[in-house]
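**Q** As you go down the protein sequences, you meet chains A and B in turn. For the first sequence, the residue numbers in our numbering are 3 to 396. For the second sequence, the residue numbers in our numbering are 17 to 118.
Treat the hints as calculated values from the structure; they're not laboratory data. Careful: at least some of the hints might be erroneous.
Straight-line C-alpha distance at most 30 Å; calculated BS3-like pairs for lysine-lysine [unchecked claim]:
(1) A:Lys-363 with A:Lys-381
(2) A:Lys-290 with A:Lys-363
(3) A:Lys-224 with B:Lys-21
(4) B:Lys-47 with A:Lys-208
(5) A:Lys-224 with B:Lys-24
(6) A:Lys-208 with B:Lys-21
(7) B:Lys-24 with A:Lys-208
(8) B:Lys-103 with B:Lys-84
(9) A:Lys-224 with B:Lys-47
(10) A:Lys-208 with B:Lys-93
(11) B:Lys-47 with B:Lys-93
(12) A:Lys-208 with A:Lys-286
(13) A:Lys-52 with A:Lys-246
(14) B:Lys-80 with A:Lys-208
(15) B:Lys-62 with B:Lys-84
As a plain string of letters, each chain reads:
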Amino acid sequence: MSKKIFVSGDEAVAEAVRLAKPHVISAYPITPQTVAVERISDFVEDGTLKAEYLHVESEHSAMSAAMGAAAVGARTFTATSSQGLLYMSEVLPYVSGARFPIVMMNANRTLATPWALLSDHRDSLSQLDSGWIQVYCEDAQETLDMILQAYRISEDPRVMAPMMVNLDGFVLTHTYEMVELPAQAEVDAFLPAYTTINRMDLDDPKTVCYAAMNDYMEFHMKQELDMRKVPSVIEEVDRLYGDKFGRYYDGMVEQYLCDDAEVVLVTLGSVTGTARVVVDAMRKEGHKVGLVKLRYMRPFPREEILDIASRVRAIGVLDKDISVGYEGIVFTNVNSTVADLETSPGRINFIGGLGGRNISKENTRGMFNELLELARGEKKEKIQFVNARCEYHG
Amino acid sequence: MDRPKVVKYTPPECVEDYPLGAFQAGHLVQKNAGWRVFRPVIDHDKCIGCLRCFLVCPDGVIDKSGEKLEIDYDFCKGCGVCAYECKVNAIRMVKEGEEADE
Chain A
3 MSKKIFVSGD EAVAEAVRLA KPHVISAYPI TPQTVAVERI SDFVEDGTLK
53 AEYLHVESEH SAMSAAMGAA AVGARTFTAT SSQGLLYMSE VLPYVSGARF
103 PIVMMNANRT LATPWALLSD HRDSLSQLDS GWIQVYCEDA QETLDMILQA
153 YRISEDPRVM APMMVNLDGF VLTHTYEMVE LPAQAEVDAF LPAYTTINRM
203 DLDDPKTVCY AAMNDYMEFH MKQELDMRKV PSVIEEVDRL YGDKFGRYYD
253 GMVEQYLCDD AEVVLVTLGS VTGTARVVVD AMRKEGHKVG LVKLRYMRPF
303 PREEILDIAS RVRAIGVLDK DISVGYEGIV FTNVNSTVAD LETSPGRINF
353 IGGLGGRNIS KENTRGMFNE LLELARGEKK EKIQFVNARC EYHG
Chain B
17 MDRPKVVKYT PPECVEDYPL GAFQAGHLVQ KNAGWRVFRP VIDHDKCIGC
67 LRCFLVCPDG VIDKSGEKLE IDYDFCKGCG VCAYECKVNA IRMVKEGEEA
117 DE
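Take these sequences, add in the hints, and give me the full structure.
**A** Now the structure itself:
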């Protein structure tokens, strides 16, 4: 039987990892991820999780050690955040290219400089090109569920790609909520033991990370072609998970009141919760607004975005990041998809939440108002900063 | 020589046929010694067969299966570790293109 527990996002991750039974955990602490790996360490200590827990000296080593373990066929887990993710960065394409299904939690936190601790998405979005699947969670329950789904998706022989489960630092990692914890037997049935031919084997010696000078390109074509099939596996696993545990997340993208919407706002992660409340309120007032919760950034939900964009008059993309010198990273991705339509809807990129700056209900209502005015034909600035403390001149 | 033989390589016809991750060990498709500048040459009169060179060679190109030690020049990179480590000075480094004077 499942049970209800009152936990933080970090603790929900730890509980999910215990249920997933990885053989090896390697992790280096970094705020706001630390509580997750501390709890996992408690579980290994008290024997409720039978795993090797490697205390490594850095994030670079954490990912390298996880890769070594994955190379002998172990199920592995690691976790990081912010600068730690960037310190791992060198190893990320090693892992994805070698097709090891490592699951990692990333507590989204901003990047220096200036120094800040709170959440935005600059860390993980800077790693979009690393060959990892990236999912973004709205709350602790979804995070727990996605850790379990991540193993099932990553280890699928059609996928064999590592997966990064992102949750907003502090907003999710350090706030508490009631979470439904599935029973171990149910999880075992959903997530069978990991077996693979992609491993070192004394009886059938193999080499990993070999040189493939003249075939390098084809290996990565294969990686890309395989990744294109991942959305269907994600949908399949989401249905399977929902049938078993009663929670469905709509796969790649959740569309909230988008069917008849004139304008929609695209969000990632926990800010979706705020936007949901605003959409409800504005709907009551008669505004045809909708919300697009972008769950996966890689693979990118091309089909879904095209479908939505073909129906609405304006799309806003809320980026908690910025690619300095251009625009928000999510906006760039949405835009390149929307460009395939013969007539594109209006688009505004809202840059907000940098360094954890609050994005309030009023701010969100402001974004929808901008989109509604754009849909009525008013001219709008394409890139707008949300909730800035002072005036700015572009 | 125990080294796996270099095999003729035919690229797969379709991307799907490329291996996923790990592939069989010892799959050699080309010789690999083109950048060697100096080659080690063993003086078998001096060699006492201590196998120190065999142990320290980073590329495993010293073959001890025959009566005398032999170097596989198809894979030796010419690093010179064997010559440096030889206690009886039985290995000399000779510039490629030049004869080893006896």
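**Q** Which numbered hints turn out to be false for this structure?
**A** 12
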